[in-house]
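Given next are the chains, with one letter for each unit.
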Amino acid sequence: METQTQNAVTWHIACHVNDIPEDGGGCALIDGKQIAIFNFARRGEWYATDNQCPHRQQMAVSRGMIGSHEGEPKVACPFHKKTFSLQSGQCLNDDSYKINTFPVMVKENLVYIGI
Amino acid sequence: MNTISNTHIVVIGNGMVGYKFCEKLLAKKKSDQQITLTLFGEEPRVAYDRVHLSEYFAGKTADDLTLATPDWYADNGIRLFLSDPVVDIDREEKLVRSHHGHIVYYDYLIMATGSGAFVPSIPGVEKDGVFVYRTIEDLELIQSYARKAKKGAVLGGGLLGLEAAKALLDLGLQEAHVVEFASRLMPRQIDEAGSRILQNQLESLGLQIHLAKSTQEIVGGDCIEGMQFNDNSLLDVDMLVISAGIRPRDELAKIAGLETHPRGGIVVNNQLQTSDPSIFAIGECALAHHMIYGLIAPGYEMAEVVATLLLGGEKEFMPFDMSTKLKLIGTDVASFGDPFIEEPACKTIRYENKAKGVYKRINVSQDGKTLLGGILVGDAEQYNMLLQTCKSKTILPPDSEDLILGSRGGEEAGAGVMGFPDDALICSCEAVTKGMICHEVSEKGNHTMDALKKSCKAGTGCGGCVPMVKDIISGVMKQNGIYVRNVVCEHFDYSRQELLDLVKMNGAKTYGAVLNEFGKGDGCEVCKPLVASLLASLWNENILQKDRAMIQDSNDRYLANIQKGGTYSVVPRIPGGEITPEKLIIIGQVAQQYNLYTKITGGQRIDLFGAHLNDLPDIWEQLIDAGFESGHAYGKSLRTVKSCVGSTWCRFGVQDSVTFAIEVEDRYKGLRSPHKLKSAVSGCVRECAEAQSKDFGIIATEKGWNLYVCGNGGSKPQHAQLLATDVDKETCLKLIDRFLMFYIKTADPLTRTATWLNKMEGGMSYLKAVVVDDVLGIAEELEYDMQKLIDVYQCEWKEVVQNPELRKRFSHFVNAPVKDPSIAFETMRDQKRAKEWA
Chain L
40 METQTQNAVT WHIACHVNDI PEDGGGCALI DGKQIAIFNF ARRGEWYATD
90 NQCPHRQQMA VSRGMIGSHE GEPKVACPFH KKTFSLQSGQ CLNDDSYKIN
140 TFPVMVKENL VYIGI
Chain F
164 MNTISNTHIV VIGNGMVGYK FCEKLLAKKK SDQQITLTLF GEEPRVAYDR
214 VHLSEYFAGK TADDLTLATP DWYADNGIRL FLSDPVVDID REEKLVRSHH
264 GHIVYYDYLI MATGSGAFVP SIPGVEKDGV FVYRTIEDLE LIQSYARKAK
314 KGAVLGGGLL GLEAAKALLD LGLQEAHVVE FASRLMPRQI DEAGSRILQN
364 QLESLGLQIH LAKSTQEIVG GDCIEGMQFN DNSLLDVDML VISAGIRPRD
414 ELAKIAGLET HPRGGIVVNN QLQTSDPSIF AIGECALAHH MIYGLIAPGY
464 EMAEVVATLL LGGEKEFMPF DMSTKLKLIG TDVASFGDPF IEEPACKTIR
514 YENKAKGVYK RINVSQDGKT LLGGILVGDA EQYNMLLQTC KSKTILPPDS
564 EDLILGSRGG EEAGAGVMGF PDDALICSCE AVTKGMICHE VSEKGNHTMD
614 ALKKSCKAGT GCGGCVPMVK DIISGVMKQN GIYVRNVVCE HFDYSRQELL
664 DLVKMNGAKT YGAVLNEFGK GDGCEVCKPL VASLLASLWN ENILQKDRAM
714 IQDSNDRYLA NIQKGGTYSV VPRIPGGEIT PEKLIIIGQV AQQYNLYTKI
764 TGGQRIDLFG AHLNDLPDIW EQLIDAGFES GHAYGKSLRT VKSCVGSTWC
814 RFGVQDSVTF AIEVEDRYKG LRSPHKLKSA VSGCVRECAE AQSKDFGIIA
864 TEKGWNLYVC GNGGSKPQHA QLLATDVDKE TCLKLIDRFL MFYIKTADPL
914 TRTATWLNKM EGGMSYLKAV VVDDVLGIAE ELEYDMQKLI DVYQCEWKEV
964 VQNPELRKRF SHFVNAPVKD PSIAFETMRD QKRAKEWA
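Protein chains in written order, with our numbering: chain L, 40 to 154; chain F, 164 to 1001.
Watch out, some of these pointers could steer you wrong.
To be verified - Covered stretches of chain F (in silico footprint by chain L; criterion: 3 or more residues with CB under 8 Å from a CB of chain L, positions within the stretch not fixed):
1) 682 to 696
2) 709 to 716
3) 978 to 984
Simulated from the structure, these hints should not be mistaken for laboratory data. Every residue gets a Cβ at the ideal spot worked out from N, C-alpha and C, and that includes glycine.
With the sequences and hints as input, model every part of the structure.
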């Protein structure tokens, strides 16, 4: 699956790795689009999603707290605590919401997002 | 008229019990049972709620008190004769004749003639201005006479007498007196000590109480002018309500030749049959088990028994428990079992708190194993529990005083609701036993109060049993191992309190260290802010340093409250609500410069809304340069200490509340806790700062300060309770130190102080024992831990403004120095507001 996705995307430089705090997130502006990027240092993983929460259309997912639910990495929107899987983008406490996820690549201390 | 298929029943008396009999009979009647019901009433109106008669003066109308409308009688085929008392019973012919000449035959006759006021034969009782207190007509007379009266008295200090005295107060008389022959109030329900407490409470409300007074004569001309007592004293009054007891209405029974008691009452057997088997007597006119039952509950039970019997069922009237709980002019009064039994027949435990107006007495069997009875005045919260413990003869814990005082440390009192037998009646309105509730919880899976209300109706009547039902739910779940422990989340298998102790011992200061040492997995939005709060409460280091920024809830993470639309609000600290004109101007200038919406908060501060994340450090830099500090409006922490203006300006103030409020706010600013904390200081008893609605509140007295704790708003408002009286400032702060630290250490996450107290075994008396009397010996440690936090306080916004690394995080984009372009505002009343949710 990863290969497929990578084939279809264009890689954009988002930021330096130090711009995203460890075990936290930040928002990058890419092609006029707001992308939330997460540095899940505890797991050694990077994730990227929409910055907009589909519940109330707030640009705040990057300010959410990350964690895991039975091993699945997730982020909680700071507004009303909707939590989303960082892998699938599926909302874990309300089936009707989903956010887009994007592949992340880290090369020479730079963070790339595939769109 | 008598046919086999149709039974003729005549009821004499349309009072509460007579009405209830008709209601029950109709409800129980099967469709093939034919009954003709005839009801005679002496009063001009249909049955009404005589128990709440005094509410007539508090604004209720006669209609409000009516039990069922005249239509109800007609719709149910009841022939109703009002203002038409039965004057003769012909037992040979089985017929009754009414005042207006109606003649009705009966198969069964029910006498529910009730009782009248007992009027002692004192010279002068016939004078104008002397009333009895029994019917709505009596009340109307009293009401109209009271318009020209100034001083009123009630003869009789029993239950009804005190109700009547309340009525006099409600009618606005300048003086209201209660005159009682016995040496105490409510002599049938409570003892001397309980009566003294009740008397204090009533006197504080303006009633004047005269005990051990024997009235010799009612003096005056045509109208009453005073009461002459046999100790030669005289009380000037211009109206008098006699409420000296009741007299069963048995005169008709006497004429009919039924057996009556020399001191009043129609004698009945266990089936409530009179000496004529076709005639029954129920309610206050009946003498059952050698007594008159002057309460409504046994009256209704009598109606139930006779209705059952007449429809072919079987039932007996058993000696009825006379335990009662009522609210008299705002004061709880309850007695149960045998309230008066004395040593050596029992062991008596008494608790008395004059300051709070509370008296509790329990009588325990000589062997200490069972509860025989007791009295509660001022606080009858434990009434249901005690009544059940008494009725079901539950074996008591070794320290039976815990029943009224609550457990004070150590093991919890053993005689909780789970100690009751299965047949103990928990919900008396719907007759639900403990066994039924246990069955619902463990077999049917009804684990919530709502589910139980649906499945077995428990708690749907008066609601008084709800706390007990909840205890049974959690008790059963504990027994079944369903409810294990209140652990934090999947990542930490500890309660908040356990985790706090572990982190304190371990000295961990980062989330990573805590998770590695005591948890598993990667954490989540539940445990991260919880650990953040623990770390702040333990060490008070800047919450954004080390790995802590990312575990803060979003408000704490940016030291500002996130608002609709994604902007933030700014609240500088204004201790005690005191601010100079210069500082006000600065706030205005900052608001203008950054185009912020401004509003005064409920806590005497100014909130600036609509700030972009990127602007927050600049805004705060200006505010800090002008001498402001963070107001911590974003944290689960101390918010504000509100104050009234106090003795420096106010002509009523007795102490300088503003100065004290500033001292208190400066002492605890930045303190993080399981939930947000608010406080207030009032300069006098008028309480303009509303301190009793705060987590801790202080009210000035002539001698010092009174300290109240555990009140707050939240979704279910609760008043704070008195912890200490007339203490000096130093003692007051010491007690607050201990109280807050004890709360921080033991409360569940996101639990307000009021909820924390409500859940605490032993409640306020236990909290007082810990905080004031130091029964756990931890006071010094609590004070030390608090002082440590106070000593290291730093304004966290100042630290951020001065630290380029931290400051860098206040940016919407990591790759562009622009503000969030999606943010939009609307205009309202010359300011901006957040755009409505899309």
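Exercise for review: Against the earlier hints, flag every one the structure doesn't satisfy and list their numbers going up.
Suggested key: none
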